[in-house]
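Colleague: Residue numbers (this note's numbering), protein chains in the order written: chain A, 1 to 257; chain B, 1001 to 1257; chain C, 2001 to 2257; chain D, 3001 to 3244; chain E, 4001 to 4244; chain F, 5001 to 5244.
Just so you know, the hints here were simulated from the structure itself, not pulled from any lab data.
Hints are not guaranteed to be accurate.
Computed footprint of chain A on chain D, listed as stretches where at least three residues anywhere in the stretch have a Cβ under 8 Å from a Cβ of chain A [to be verified]:
no.: 1; region: 3029-3040
no.: 2; region: 3065-3079
no.: 3; region: 3082-3089
no.: 4; region: 3116-3128
Okay, the calculated bits of chain C under chain E, using three or more residues with CB under 8 Å as the criterion [what the hints assert, rightly or not]:
no.: 5; region: 2053-2062
no.: 6; region: 2080-2088
no.: 7; region: 2121-2128
no.: 8; region: 2132-2138
Using 30 Å as the maximum straight-line C-alpha spacing, the simulated DSS-like pairs for lysine-lysine come out as follows [as the list claims (entries may be wrong)]:
no.: 9; chain 1: E; residue 1: K4086; chain 2: A; residue 2: K129
no.: 10; chain 1: C; residue 1: K2230; chain 2: C; residue 2: K2026
no.: 11; chain 1: F; residue 1: K5086; chain 2: D; residue 2: K3099
Since this is a predicted model, take the numbers as computed values, not measurements.
Glycine included, each C-beta is placed from N, C-alpha and C at the ideal position.
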Amino acid sequence: MDIESYLKKDYITNLLREDRRIDGRKFDDYRKIEIIGNYIDEKACGSSLANLGDTKVLVGISMDVGEPYPDKPMDGIMITSAELRPLASPRFESGPPDEESIEIARVVDRGIRESGAIETEKLLIGENKVWVVFIDIHILDHCGNLIDAAGIAAISALLNTRMPKYEDGKIIRGEWAGKLPISCIPIPCTVAKIADKILIDPNIDEEYAMDTRLTIATTDTINAMQKGGKGMLTEKEIFDAVDLSFRKGNDIRRLIE
Amino acid sequence: MDIESYLKKDYITNLLREDRRIDGRKFDDYRKIEIIGNYIDEKACGSSLANLGDTKVLVGISMDVGEPYPDKPMDGIMITSAELRPLASPRFESGPPDEESIEIARVVDRGIRESGAIETEKLLIGENKVWVVFIDIHILDHCGNLIDAAGIAAISALLNTRMPKYEDGKIIRGEWAGKLPISCIPIPCTVAKIADKILIDPNIDEEYAMDTRLTIATTDTINAMQKGGKGMLTEKEIFDAVDLSFRKGNDIRRLIE
Amino acid sequence: MDIESYLKKDYITNLLREDRRIDGRKFDDYRKIEIIGNYIDEKACGSSLANLGDTKVLVGISMDVGEPYPDKPMDGIMITSAELRPLASPRFESGPPDEESIEIARVVDRGIRESGAIETEKLLIGENKVWVVFIDIHILDHCGNLIDAAGIAAISALLNTRMPKYEDGKIIRGEWAGKLPISCIPIPCTVAKIADKILIDPNIDEEYAMDTRLTIATTDTINAMQKGGKGMLTEKEIFDAVDLSFRKGNDIRRLIE
Amino acid sequence: MNEKIELIKDGKRLDGRRFDEIRDISMKVGVLKKASGSAYIEWGKNKVLAGVYGPRELHPKFLQNPTRALLRCTYNLAPFSVDDRKKPGPDRRSVEISKVTAEALESVVMVERYPNTVIDVFMEVLQADAGTRCVGLTAASLALADAGIPMKDLVSACAAGKVDGEIVVDLMKEEDNYGECDLPLAVIPRKNEVVLLQMDGKLTREEFDKTYRLALNGAMKVYEMQKETLKARIEHIMGEDNGY
Amino acid sequence: MNEKIELIKDGKRLDGRRFDEIRDISMKVGVLKKASGSAYIEWGKNKVLAGVYGPRELHPKFLQNPTRALLRCTYNLAPFSVDDRKKPGPDRRSVEISKVTAEALESVVMVERYPNTVIDVFMEVLQADAGTRCVGLTAASLALADAGIPMKDLVSACAAGKVDGEIVVDLMKEEDNYGECDLPLAVIPRKNEVVLLQMDGKLTREEFDKTYRLALNGAMKVYEMQKETLKARIEHIMGEDNGY
Amino acid sequence: MNEKIELIKDGKRLDGRRFDEIRDISMKVGVLKKASGSAYIEWGKNKVLAGVYGPRELHPKFLQNPTRALLRCTYNLAPFSVDDRKKPGPDRRSVEISKVTAEALESVVMVERYPNTVIDVFMEVLQADAGTRCVGLTAASLALADAGIPMKDLVSACAAGKVDGEIVVDLMKEEDNYGECDLPLAVIPRKNEVVLLQMDGKLTREEFDKTYRLALNGAMKVYEMQKETLKARIEHIMGEDNGY
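One chain only, chain A, in its complex shape (with noise of 0.2 Å):
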């Protein structure tokens, strides 16, 4: 970290003394949302591109067919992967995943995955044949908070998603047999600990000056946690995080469906 992450690191642990975030947004609030659903609408299954603030994140659903796991040989099968395109920030470098894509992708994965919101088991085409989701999250912009970012345009652009058509073994591709069923919303909300606050939505500033951070993704159920970060926290901003993850991930469900 150079001299002038220092400063503003500085500068922003100063402000939350005040209880005043570097961009004058309160603790519990979000940055300005925006989802732009089918964004690849010619050549994607299915797509939506998320702002949060100044953070992009582009989400494209390819769907093959494949084997079924053999645990679970009448299930479809999702793939969620992540690339931090290196022009999203100066840190990205092109390569293959590194921790960082790793956990954003396995985060996501899990809030979509545990609350069963792709119905897997309408997939089935036949023996051993079933459909495969690719969920791709494409990372444009890293201006903080990227998980939450990529959770949003990831069940935006699973709700938008049409199923190829298949006809005698194969998929015609740019026809459609209508939608990929979804059950559900999980909604990631990720809460950074700094300065002993804990507030919601860090932007990359405050993310380099949190201590730590927890992701909390919800439906009517927590689905999935995750603590990033060298920090600690104590049990009472873990379940003060969760009642807010529970709040703030009912306002976003409302603006996506």
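Chain A is already provided as a structure; the job is to place chains B, C, D, E and F on it using the hints.
Modeller: Below, chains B, C, D, E and F alone, put in the same frame as chain A:
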């Protein structure tokens, strides 16, 4: 680039201003071309060693049975790879193909593929089973103009390629059943631009000095073009190069036949 | 090599000139050999932990069903891999197998394979279906002579390997159907050459000091040999090593049975 | 070429275009916050985003050139940008396009002004429908301008090719798949010099002449749009300044 | 969840445990010769070995931090540690566990005392039966203590979850596979602060409360065993010293 | 060993050789322009090219040894050198052969004369028919001599083995595939010391003795040819000089 290279570049450029090349050739002269067919006589299905002056490129052809591409279910497959073996130049290193070897392989591939030189429609074996033709370009001594040497070696090797015998769903190694069907002889021809002069078959010193190059692969038509290197080309230079490549292509084709 | 290593090397060499080893052993003594069979009792099909002094190597056997090699369609397959886990030595790093681990795996593999210890002809399941035996060598503490420790752990593990139950085209994990058929017990024995002395089972300090080594795996015949390291061996040294390896092989075989 | 598709009907192309008509194009610059410069182009069904970082220090040090900046390009197809999902990571086609794109841009960027540094240009194809290397290069040149990196001129690109025996400009996907030839071209418009030229297919000497000219015309139209886009951007920024 | 398995029967779990009962655990430290510190834990059917190297110089140099040591964790599943052989090399799950483990340990290790260095922590899962990240982290914290690296406290870990509708502590394999939720937790026991928390499954707000508390209790029991283990080790070493 | 092949018939081998007869060998040096030294050997159906670069500076720097040169060998099978195409890139067999080859050459090359440098030896197997590691090592030692790198002696190699119960020298492909044992050997001929020794198969103590001696004899014949080749090369160069 070290001092020696700079001086040599200067020397080459000055000579060219007097319309002279460093090795005394005319602008439209190739170095001595020597082609040794069936170099890997016992193991490869086809092979050829091409010497372009001191440049040495060996191409071997292997054949295997595989699945056709879904969009061309009745056609055989060709796959071209190039390896800049590290003994060929102090600059080369062991490792996966870099952009230089990928470019060589792809330009040679396009010349052969687009001219329809390999009659892939005759390589169907049975349902979902076709011959796969591997063209492996092995660069052994890099003294300039690798693309032309590789392209000449590749088509020469294809011309002497034998089809392995195929019985009861298996390849019988060491036994043969006729020749690989080849319909025409595409020849790549590379011109270099140095000090606003257009010359053919640059040697390695001329490659260091050159601004840019243009490769054109021809049969009775143009089948592939590739500009390489940082410089610019005028319209006139491009059209002159096209004429030159048709003319030299014919000369070399006669050598091979 | 740092100063400490140089001094130790000197010390070891000088001792050997007086016919003494750094840890007081005779030239033809192994360190204490301890073998704990079935170490991974619940998950692996077979396993064994071998301690050679402070050297610790764990071998686990996994079995799966696969296709036979085309040239041996009726025989099961064995695949040997070695990982120098980074906790075993400050020199090891995470990553794909390097030449050191590849050599260990291949020498151990040759001793087992060439002696016919695994009766692969009894591992046919059905048409184009055979058992695949994975021998995974896990180096946990590197205090010298990894090849012998790995070879001893490997054959010990094979001796306690159970065959998984196989029904209706599927492996039933956790249920067993008899033992893996083993016909003989190949033992690798490594001699080191230091200061023109030939000694057995070099510890890690002796390995730093040694000129070269020779590993010989025996049953009632020689099944594998491997010279390693930069130095030279005379004919006499080689023949002495062969005799030694037969003798020590018998001693260790008795320990295992 | 197994299934025959009629690509030209009554003198018109599949999407109703004339032979010398390029697809609809819209361009934007300054679309990303983090990148030093950025551009976004929709060109037919293609959607391409370009971002630039640098000049910035180059690591490892032995790659540094004391006489000039390294210009590094990365062309990437998003997994969902094509009908059949593309596995992430560079393939041989992407590596080749990245190479010829970098070589094309080197002709205009004043790399000698920034010794020892690297200028990174990233092209993200979000939706692909033939001609993406031309779209990517056009966007990259806008993003470099947006980043304020000194250039002698813009680079403008367009393809032409042969379809059902006719020479046409700016091939769309079906024309590229089932056509007889594709020739992408990029020029420095003010000097009319060529910085990128590739071709595959079958063209006689005469057809090549015609194809080349159609591609050049297309690139010139693209150049006009690029200038418009940058002009609008500058006016927008100036407008913002006046607001202070 | 395709085959139904009855995980709770007559108020007991498959292996006879009560809902709040952790599996049998045995711990040892100083088990490796080469490593600076090491620990071995058998926890139910899990067998995990941890080894520590460092603080040692960090290469390449540009990774060095002049204000602190880098703490690097590597979690690895042996190929034979699971029913179906695991291909060697890190997968995405291992990378994630390595990351959250390193973050958990950074809270207690006094990294600022060793600028420019790296402390490497390796966790080798030799046999896996659910909960391995908790076992690995617990062993890693013992190995760090064994290496004499200054720490504010140990880190102690345990999971809890939901199985057949009941909240239970320390899930074994079958409970993990067929249960409804798993929540691994790691704490700094003396300050009662959380350094690792993950969860997947379905829990209501009230169930979360209960699950959290069961995991915390488990971790506290683990902490007592860790202290016992280190105490025994010190007494053993002291005993050896007296022997001189 | 599934299909039985009769490898010895009427006391002769498949290709008519006696048990102690090596295959036809031809050697050339100075065959490449760019390499510092090079050699090409045809040995039976084997065709192997070797090239040497160096001593040259070694990067990255931390690999440099201030007391000696690093000798690095790379053995590579061309894709078309074997019946079934070999995928490009090193496999485990190539890595092992590269290792034992480097160790064999280190015994003769005076590496201590070139501290901090690397000497790179590349062996390209263009056609393979058993015994390629012996051919490669023999060629590598010629290429080093051709490069003018000081050596104590050449390295000469040959294999022997057991085929249909008979001990024979220099196995060809069929003998290697269907035989009972293969033992490659490399020596420093003048000192009669062994620098490479590998073996796999089944040999009694007495058979080993006989196999070893046959391989040694083969290597000595190879040594004579190596000396001839270098002598001819020197005369050729001297002759050229006289031409001035």
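Colleague: Against this structure, judge whether each hint is valid.
Modeller: Evaluation of the provided hints:
1. 3029-3040: holds (count 5)
2. 3065-3079: Satisfied; 4 residues make the cut.
3. 3082-3089: holds (count 6)
4. 3116-3128: Held - the region 3116-3128 of chain D has 6 residues with a Cβ nearer than 8 Å to chain A, which meets the minimum of three.
5. 2053-2062: holds (count 6)
6. 2080-2088: This one holds; 6 residues, not fewer than the three required, reach chain E with a Cβ under 8 Å.
7. 2121-2128: violated (count 0)
8. 2132-2138: Holds: 3 residues of the region 2132-2138 of chain C have a Cβ under 8 Å from chain E.
9. E:K4086 / A:K129: 24 Å, holds
10. C:K2230 / C:K2026: At roughly 25 Å apart (the allowed maximum being 30 Å), K2026 (chain C) and K2230 (chain C) satisfy the hint.
11. F:K5086 / D:K3099: 28 Å, holds
Checked against the numbered hints above, the structure violates only hint 7.
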